[in-house]
Structure formats: C-alpha cells, structure tokens
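Here the protein sequences come in this chain order: Z and U.
Going by the UniProt record's numbering, the letters in the first sequence line up with residues 1 to 1036, in that order.
Going by the UniProt record's numbering, the letters in the second sequence line up with residues 1 to 500, in that order.
Each hint should be verified, as a subset may be incorrect.
In silico DSS-like pairs for lysine-lysine, Cα to Cα no more than 27 angstroms straight-line [unchecked claim]:
no.	chain 1	residue 1	chain 2	residue 2
1	Z	Lys-681	U	Lys-462
2	U	Lys-280	Z	Lys-505
3	U	Lys-38	U	Lys-164
4	Z	Lys-728	Z	Lys-233
5	Z	Lys-549	U	Lys-22
Note that these hints are calculated values from the structure, not bench results.
This one's a predicted model, so the numbers in the text were calculated from it and none came from an experiment.
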Amino acid sequence: MKKLVLCLFIFLFYGILQADAQSKNITGKVIASNDGLPLPGVSVRIKDTKKATSTGSDGKFTISVNPNDVLQFSFIGFVAKEITVGSQSNLNISLESDAKSLNEVTISTALGIKRKPKEIGYATQQVTGKALTSSRPTNLATGLSGKVAGLQINQANNQIDAGDQVRVVLRGNRSFTGNNQALLVLDGIIVPLSQLNSINPNDIDNVNILKGANAAALYGSDASNGVIIVSTKRGSSEGGGITYTNSTLLNRLSYFPKLQTEFGGGTDQDNFGFGLYTPFENQTFGDRFDGSMRPLGRVLEDGTYQMVPYTYKDGEKENFFDTGIDEQNDVTYSGGNENGTTYINLQRVNSKGYVPGDKSNRTAIRINGTRKLNKFLADYSFNYTQRNYDKSTNQVYNNVINTPGNVPLSEYSDLNSKYGNPNDYYNDYYYSPYFGLQQNRNNERRDDLLGNVSFTYKPVDWITLLARGGLSTKNTQGKDKNYAYTYSDFAHLSGKGVAANQYLKSSVRDYNEFESRYTGDFLATVTKTFNQFKFTVIGGAQVIQKNYKYMSQAGNDLVVDNLFNINNRTGEIVGSETERNSRQLGVFGDITATYNDYLTIHISGRNDWDSRLAKSNRSFFYPAIDAALTLTDAIPALKESKVISNLKIRGGISKVYAVQIDPYKLVSTTSPAANFPYGGKAGYTIDNSVYDPNLKPEQTISREIGFDIGFLNNRITLETSAYLQNTKDQEIINGIDLSGTTGYTNAVINTGEGQNKGIEFSLNAAPVIGLANGFRWNVGINYSYNTNKVLSLYQGLNQLSIGDNNYIVMGQSFPSLQVSSYQTDPQGHVIVDANTGLPLSNPVNKDFGQTNPSTTVGINTSFTFKNFTLSGVAEYRSGNVFYNSFASTLDFAGISYTSAQAGRERFVYPNSVIQTSPGVFVPNTNTTTIQGNGSFWSDGIRANTASNYVMSAAFWKIRELSLAYQVPTQWLQGNAKFIKNASIALIGRNLFMFRPSDNIYNDPEINVGTGNAQGVNNLNQTPPTRIYGFTATIGF
Amino acid sequence: MKKKLIYVFTVSAVLMLGACKKGFLDINDNPNNATTVKPSLVLTGALNNTAAYTTGGSIFYSFAALWMNYWMTPGGVSGWYEERSYNFTTNWSGSTTLWANLYDNLNDYAYLETQGKASGQNFFVAVAKTMKAWDYQYLVDFYGNVPYTQASKSVLFLNPKYDKGQAIYEDLAKQLDTAANLFKTATVIPADATADIYAKGNLQKWGKFANTLKLRILLRQSEIPGREQYIKDEIAKINANGFGYIGTGEGVFNNPGYLNVSGKQNPFWGVYGYAANGDKTSSHTYMLASTYGMDFLKNNNDPRLGKFYSTINDGAGSTYVSLVWGQDVNFDQTLTTVSGIGKGVLKAFDQAQPIITDFESLFLQAEAAQRGYLTSSAQTNYEAAVKANFLYLGLTEAQAVTYLSDQSVATWATNSDKIALIIKQKWAAMNGSNAIEPWTDYRRLELPADMPISIASTVTTKKIPVRMLYPQREYNTNSDNVVAEGSINQFTSRIFWDVK
C-alpha cells in the first residue's frame, strides 16, 4: 500500500513539471451582490481550458492566467459571469443571485429521479458529503447522527466490529415486531442496511433522506420506513485530480460506571454483620479500607503472598481498556471529460480496539464511472470491501467488574508474570480479564461486493429509458477459538475455584454466512410540457431476489491443544445450516403533473408479488398521492415579498403493504428431536410455531403535511412536517405467545394495529452572521417529536413480549420496558417487610414506559473565518427509559457506588412504608434492613429487582466537534504549485455527554442489539468511548 | 458501439421481464425443515423425548428426590430455596417445565395418531394412545384439571378449556383399552419396528405396557370412596385383552443408541453423572445422600446401599455419610465428605433409560392383588418386585432372597400392614429411577408414614406439597380458563384421587 501511494506521488510530480511558464498569478475576491458577503466555493475557470480553482471561505481566489484568458465565475444560485483578465492583477467580482437558477437545484428522489424541491410533496432532507465527513466518521451511520430531523441513529456498541450494530430509524416505530429501519439505497440500488458500514464515507457525494412512505411505489414495501439515498461520487468531468487523506483517530474510554471506593474484597461477615476481608474474593464486601499491607490471593506455591496496600487504587479498571487507534488512508482519483468520468478510491483502515488485543482492518476499492455515447449513457459503480477482525469473545467486562478496588489490576497484564499468571492470579472465581481475552477469540473476514450498472437511452428528448442491474453480496467467514489451558497441580489442589477443572480443552467453531441481493429495474420516463402544464410519467418494473445461507461446524475437546481445525476434534461435529430465498416483483406507475411551476400533484401506484406469501395473498397494490404548492410563486403579493423568499405547502397520503416475515413462515415444520441423530438413529419432532397459511401483508397508511418557508433570500429556512401512520394486520414475525396446551408455543399471524405520529422542524440559518471579512456563522437545528400507541392486539391479549424486557402493551406507546420491581403503596412508596425491613418484591412486572426517545434535537453549527472552520453537532434525546441490566452485576460484585451509600450497615430503606393492615401503610422510620452487607446488596432482592437499574435515557451529546484549517490557495500557488488544495482538521466524536444525575451507569445509546427491542444493555457491551484525532487531506 | 449498447439495453430489459414467467415466485418451499415427515421418525423422536422429559429428565428428580428423602443438597453452593422450603411459585421450574414438556410431547403423539389413522397404520395409533395416556396421567397427577379435549388442536382452540382430572383419567382408561386391542391386531413393518426404540415393534410388550399403565391409573383411585367397582370393571377389561402386565425382566426402557457425546448420553447420566470428557457434572456434585433414605438401607443391612449411594469422595472413600433433609449445611459438606449418587443407578453413559420398570409393575400388581383387584398373589408379586429391583441394581437374586427373609422391614409374613410394606419397599426400590411415583404414592396414601419434612428454616408450611401450580405462561396466554380453576395452593388444592 505504501508503495502504491509513493508511485502515485512520483507520477504526479512528473506531470507538474510541465506547467506553463508564461502565466502570471492574479488574485481576487467574489462577493454576492445582494448582501456583499464573500462567496466561498465559487468555481473560477479559464474559458476553454481545464484550468480552474475555487474561492476560499473568504471568497478569495488565486489563479495563474495569461493576459488573453477569459475567467468564468459560476456558483449555484447565481448568474455566471465572464471577465477578460487583461492587465488586471486583482479582481473584485460581484455575482447576482439568480432566482431562476435556484429552481434548477434538484434533489435525487426515488430511483435517482431528480426533482425540483418545488415539486416534492413529502419531507426530504439532504446531507452533503462534506457535512457527513467533517468529523471523519469511520462509518456512514454515525456521520448522519443529529443532522436530520426525525432520523434516529443508535450505535449499539463500540467494540471493534460494532460498526454493523447500528439501528437507523426514521419517524419512530410503525411495526410491532417487523422491520422499522430505513431502507438504504446506494446509487439507485437497494442494499442491506448492514452495508452502511462498508461504504467509505469519503466516497459519498450526498445523502438524501426521504422521511415518509411516499417513495414506496418506486422502491417497494421496505420504503414505508423511509429511504436513505446515498449517491457516491462520480469523477469530475473537468480534468483529473488525486486526493490523499489520512485520518488518525483515538478511541478512549469515556464513561465508566460510578464506583464505591471505601471497601475492599470479601464476601463473609462477622457476627455483627460487618464485612470481612477475603484475599481471593471477586466480590467487594470486605471491611473498610485502612491502608494496611495485606495479602492478596491465596498463598503461592513458594509459600509467599502478594502483599498490597489495602486502599482503593484509582483508575485500575478504567486503565484496563486501551486507547483504540483507527488509522485511515484514502487515495482518490477523480477525472474525466465530457464523454465520460472515472472515480477511483482506495482505502485502508487499520484499527486497534480499545479492548486490549482486538484489531481489525478494512481495505476497500471503489470504481465509479460514466460513459456517454450519443443518446446512451452508461453508469457503473463497483465497490469491494474486505474486512478482517481479530477479537476476543470473552465477556471481559464481567471479569473487570468482579475485581475489588484494592486490586492492582493493571499489574496482571503479563500472563507470565509472577502474579499475573492464571495459576497465581489472586481471584479464586473469575478469570483475570487479561487471561479471558486470550482464552476466547474470534477471527472473521467479511467480503462485500456491491455493484451496479445502468444504461440510459434517450431516443428522443422527452423519453428516457433506463435499465439497471445491481448486486450486493456479503460473505462472512469466521472462526471461534477457545484455547486450552492446564492449571498447575498446586493451583488445582489448592481449591482455587477456576482451577477445579485442571485441564481446559480447546474447541473450535467455523461458520460461513452468505447474503446476496439482486435488483433489476426497468424504467421509462416521459416528460412533456403542454402550455402551463408539465407532465412526468414514469412506468417501471422491478425484480428483487434475496438469498441467504449460513453454515457452521463446531468441534469440542480438541486432541492437540489449540490446533483449531475441525479434524482435530473428539466426538461428533456439531453443525447447522440455514437457507432463505425470496423473490419480489413490482410494477409501478408514477405521474407528476406541475401547473405553472408552482402546483405539483404526484400520484403513484405499485403492484407487488412476493414469494413469501401464499399464491392467493401474494399480489397486492398500493397507491400514494402527494401535492406541493409554492405560494410564493402562486400568489403575486407573496412573490414581491422582500422577507419571505419561499413558501411551499405540501401534503401526502400513502398506503403501503409490507411483508415482514422471513420466507417459509406459512407452514409448520418439523426438526430433528433434541439430540438426534444418535449415530444412525434419526428422530423428529413437530416444531413449536404454528403459522397462518393465509397470512396477509402488513398495511400502513401514512399521512403527512408540512410547509417549507425561506426568509431573506432563503438565508433562513424552516422545513416542517407532521405525520400520522396507522399500521394494521401487524405480522408478529416471531409469533404471539400461545398456551402450550395448543401443541404450539407461538403463532405467526396478523394481529393488532399501531398508530405512530409526530412532528419535525428543521431550521437552518446560513449564515446567522456573515461579515465582510469572511466570518460566517451557520446554524441548523433539527427537532422532532414522535409518539406511538398500540390500538389493538390479538383478541384478549393485553401485551406481547418482543424480548429483552420490551413489550407491546395495549393502549401504550411501543415498545415499552417492563421489569420486576418492588411492591409499592398507591403513592409509589416502596413497601418493606415489617420484620426484616427488606423491600417486598412484586410478582407482576412494572411498566416503565417507552424505550425509544420521543423528543430529539440536533444542532449543527459552524464558524468560518479566513481559512478556519470550527463546526459542531450536538444531539439531545429524551422521553425514554433504559435498563442497565449489567448494573446488577456491579451490585453483585459490590463495586457499585450505591452499594456503599449506607456504609455497608443496616439501614432504613429510603421512602419506604410498612403495611399495618390491608391497604393501610405507615411510613417506615425505624425498621432497618435485616442485612446491610453483601447479603442485602448482592444476594438478596436488591440485585434481583431490575427496576433498581431503570432510569431516564435522556442525554445531550456533543456528537462532533472539528476545527479545520484550509491551506490558502494563494499560498499553495506560490509555494507548492503541484498541490491544488490541502487541509488539516482536528476532530472529536462523542466528546461529552450530559445525562440525568441518577444515571451513574452508562451511555443510554448502548444497547443489546439493533432490533425493535431497545433500551437494555448487558455485560456483552463494553463502556462507552470518545473518539478524537486529526485528518489531513491533500489534493493534486 | 451504439449497436452493442442497444443490444445490451434490450437484453437486460428482456431478462428482467423474463422474471415474470410462471413459477418464478414459487420458491417458498422450506429448504431447512421438513414440513411433513414419516410417522416413524416422529415416533422415534417422541419416544425419546418422553424419556428425556419424564423418568430420564432432571425434573423428575430435582424436587421429588429431595422431598422423598433420597437426596439432599450440599454446602458451599446456594440455591434450592423452593425445594428446601416447599415454597414455590407459578414461575418455578417444577410448575413450568413439566407442563411445557408434556404438552410439547403430546403434540408429537397427536401428529403420530393422526398420521397413523390416515395411513391405516394402527401400530402408530396404538402407540400414540398409550403414550398420550402416559403423558396425561402425569399432567393430571401434577396439576389436576388440565386441558384435554381441546388440547393439541393447534389454532382450532387457541384457548383450550380445562377438563376435570377424573374425566381425563376415565378417558385415558378407555384409550388404553383401545390401544391394547389395536396392538392385538396391528402389524409392524420392519422399518417401523426399528423406529420403535422402546419395544422394537414387539406388540406383546406394548400390550403389557398399556395394561400396566392402565393398572397404575386405576390404582391411583384406590382411596376414592365408592370407586372399587369401577376399578374392578376396568381391570376386567384389561384381563380380557390377554396381554397381562409387565413381569420380571419385561420393563420398558428407552435406548436410541446413547453416545458418549455431550447431549447424547443417557439423559439421567448426562445430568447426574459425568460429562463426555469424564468430568463430574455440576448436578452430580449437588445431589448428596439424604439421611432417611440412606439409613433405611444402612439400618437393615441392605446390599443396595452401595448401589443407590456412593461412598464419600464420589466412591473413593470407604464410609457412607448422609445429610438430614433441609439441614443447614457448611461449605465443606460436599461430595468430598458426603455420599453421592451410586453406581447402581448411574451405570453408564449408554444405560437404557427405564420408562416403567419391571419392579414398579410388580409393586403395582402386588398392591392391586392385596386390594383384591387382581387374583394373583400379592406376596409373590411383592417378592418378585424386590428381587427385580436387586437385579436391576446389579445384585443377585440370592441377595434379595436373603434380604426378604432376614430383614423385618422386608419380610412379607411379619408385616401386618401389607400396603404399608409394599409402598415402603416400592419407595426404597424407586430411588434413582423415578422419584415422582413415590411422591404420588405419598400423596395418595400418606406412605411411607414417617417421611421426614424439610427442617430448613425457610419452611413455613410443614407439609410436602400436594401438587404443582399452573405455570405462569398459562396465566399469560390462557388466563380465562386457568383463572376459572380458582385460586390454587400447593398445600391444599389436592388432585381428585388425593382424598386421604
């Protein structure tokens, strides 16, 4: 890779030596005529040549010209201007804004069809590639966080391979158990959302978000959740250029749960209930720290002990985690001419995880291009990504937590050291986390190939025919390795718990997952204008095929230790195989009629045929209609307004049918009965799910209205939307729970209806303040409020579990969190036992409300002055709760802050009451808990009552902060001519988080998974991190 | 070039439209799981599951083996609150697992019966009826009234109603008659005989099994006033089919070909014995000897002592040590210092799993004869039962004869209360092969009368529970029907045959 970069450099230098010797440099400044503010990014080109530059953030430019040259200045929204250079050496150019040309701005909507904003009757929001990558996210999803109203992105985990664990939802949940995540469309082709992590953010030209369901006619059912349309860069048709970018990001632990610092290791207590020190305990219920030297661990084979001071050692658990490093190098070539363009990007990312020893890399190549020939246009893009992971699968966080505060954990990092080796590690019951990391590991390679080719044919000016084929494949190969270890006889016989089994044998599991999706589109577009009317009619057909295959083979008790080959096993191979294939066909029509350029009515309809449903239900039709009216054009009075420059109202309604189930969910199945086969003896059993062979698709009716308003020449814009979505015949994909007496435990049927509604505002001011000296302050604020409600469920069913403590509950927002809790009196005080003082557990789970935020606010701001740009993104979410299930382990281990709040003594349970007779409660003032040490915090009702760990999931996060410096083009012209542009930026992601004071545990975004069940974490996630570093870009 | 492009363009458009051809969407046949299978495959799977869910499964021992004072929990490990205190809830495994497993198993037999009827293979129908009776008897014995007529009917009855335990019992008796009569005439093709992992297609053996099961069902009702004539009439029907009952050496066992591979060992061995690599399972170290159970053997010079229990240190020691049921235990009262489960019941990873043993059948016949339901000799059946138990454990008939003649706790002649003698010896014999039957006998007859109650401090009701609670899932998914059964208490809501 390094060599390749070097070659490119040499090649470039060679080209630069041929620069024209007669030229001279001129400088200038471009301002806008209406407000006199400098215009950055104006294209400055020498007519009839490929020589061009653009203005800097202060509007200034430098270019080398001959006296006869004509300079062309062009900028979107402004009337282009040509100036003959002559003898001038300093130009001041003023550009007129062009209302007409603003109308030429188009937005890529469904299927890559470009529409003017005026013609769009539903909510869209565009994020440019530049805005996405200002803080160098290594994946696209995190780059979108906080930038789009109504778009919620959750990075569920931050371990080395967590990039795929992102949940992306637009406008909340509609389906109870089906997919609610947005549809991802890459260069016109639908690709699985998991591909978000394999798209190089630097390749992205722009991302356009269609928030509502109105694109469903063109993309099919999946688009009812909104669409993220990603367009990657095409080569520039104005000559070639190479850009090199390096980003180096550090990933550091940011928030660790709050810990107690007063007590050390132990589990037993004396006759008075005070903790006693046990040198080899994982729990921390010993006596109070006193600074004395004490033995740690059991006596060693040589008769000695490790002696450590009995005090709290600050930062030992936190320091267990390393500084992760992501180093990303990109080389991009972009070039072409009027007949075709080429864009090539090579990327390599090397990552070192913040969990010690984890590492990964990503190598990607993208080749995009266009080729024009008469009435044909061919457009292609190919992207190949290979990722390699080497990570631990050990639940290392659990081992870290089960470490008393007096233990110098970081001293054990060397597994061959006197106290760090597993035989002599102090802890009797838990692995050394360093040892754990070594014992259970996984290697995985993921190969992704995305490609699409389209041919456009324009037989006449007003007809466009397009045929397009796209393919996305994902191939994962992995190996789980559990290493062997033999404990010493001494350790084994000493009674050390972890060494009870002296010889741990190694085991291996190999797996392979293949996922592919083929899409074919055929589209005919006709555009015709009749007097004041403009019609665009699209007819098309689409075919989609999805294939999935998973296989695994595992072998246990390997004969030769740590030779991870399945042939080295003893006993049988344990294997499994799953395959899923489905096909969809769609035929659609889409008509847009525009009257006088200000009123647009858009009607679409689609009929789908889906292989997953029975023949009689497989075909379904769904229509949509929306309209947009630009009042500033329609009403003459408004047209003249100096204040309001744009006012558009819009509204739409659509119906979408979606098939949520996997293939083969219509007929009950059989499986080999448990443990079969026994050698040659087979046995089968009827599986536990019953299906509805006449399952219907899930139906969503969405309505939305909104208005967009622009002030002061669109310097300030406000986009608003309100939506209401009703989804009925919900397909409960894993089935509703049935009484086992039916013979089955769940039924996959249509049941229930949910309603989802909300509002969105997107306010942008560009600039808020703009000064003649080039200072600009831009602000964008995105606000959304979303709420939903279960209107009905299956007959007689009050609630439906969707796993991870999330439930769909009649009449409530969904999903909501339900966990075990204490009994409370009508005022909500905890009821304690009159004798033991212990809170009483409530057999009925308590409902804590929704796990998805209702309110989200995103704020983007940037300050530009001279060549510096300071930008930031902040995000706020609230209205939801989350359950820190891992925190009960903090209590169990005795390291939690809360567990020391009562000084490890018996205490009166705060705000508790005692029931004196049925329904009569008196405040508890003096009945203390019968225990105050480990038997209360660790063994008893405390750690078992999940409600202790449920709290508000609200937060403010500083998502991004970056300070970029653009090397002045004038300086480059004078000192390093071969460099067209250069910039460097300091960047930070998730630097700060502000959360309610009772959340002493975690980042609410961290979650067990990316399914509909949210708001729950466990020990499989590690604590949150902040990311910071720098990025440098040089363009040639 | 232009022509080429037109060509490419047309071809791709045509290819796409070609997708509309017939059958393009007919790809929803499941490549992962069969949607129908031969009944013989379900037969094998279901029979093996019955073994794993009932007599071979830990749930048949985890509480009853403690309550019947066979086994006791160790020190150094916490747990067994419900077992030790008898205080359990609708979420406890005893309440949930049995219900879920048995109804799951019943669905397989329902499929087998339907398929057998459809294809005219009466062997499958008869086996299905017999095994459904086996499962339902346990359901009634655990829970009393349960869904029966509307159960296992899939979406036809999403909320099956509960039937009276006694009505179910009466129907089971009829079903077993039908089964036995079908066994008389059925034919079994060799392939299906191989699939029958209980009896290898031996219809005589199945007939005896059905009859013995029916005898057990009838004997359960011995204490119900006015039930004697019904019982006798039903026994007459058994005698009419001519198969007789399971006799010495005719016990029904399951063996699909157990392997020394994790999960494929004999299920009892897999839980209470040793892992495939020879390591002790955790439950092996958790289940230690209970004093009442061990003392009965120790005090009566019973050669079965070393078969039901190991010496301390998992057989490496020389002494037999036990713990009193429910006592407080110290961290050093473990398998190292206390006796564990013996090699007479933990024989090997591939030991055939007893479903109904010859000695259980002989004890049933002894009791039935003693009550005058059968004409055979109660004493002969009783002594044959004890001998069969000795043989099962790897002892000799001679040792049994000596025991029967020398030990007053076993001698027929010297014990005036024959029923008490039979039940106590049945209790002694069933150790490690089925702990539920002795619990059920205890509930029915309050025998053995001196069965100790847990002395754990957590005990609030000094009584062995008389039933399981309906599982929480039933309250969640079939709540109207289960709530209609009223408030259920494990100490007072008795099964219909529990009238003593």
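Do the hints match the structure? See the list:
{"no.": "1", "hint": "Z:Lys-681 <-> U:Lys-462", "verdict": "violated, 47 angstroms"}
{"no.": "2", "hint": "U:Lys-280 <-> Z:Lys-505", "verdict": "holds, 15 angstroms"}
{"no.": "3", "hint": "U:Lys-38 <-> U:Lys-164", "verdict": "violated, 34 angstroms"}
{"no.": "4", "hint": "Z:Lys-728 <-> Z:Lys-233", "verdict": "violated, 40 angstroms"}
{"no.": "5", "hint": "Z:Lys-549 <-> U:Lys-22", "verdict": "holds, 25 angstroms"}
Violated hints, listed in ascending order, are 1, 3 and 4; each of the other numbered hints is respected by the structure.
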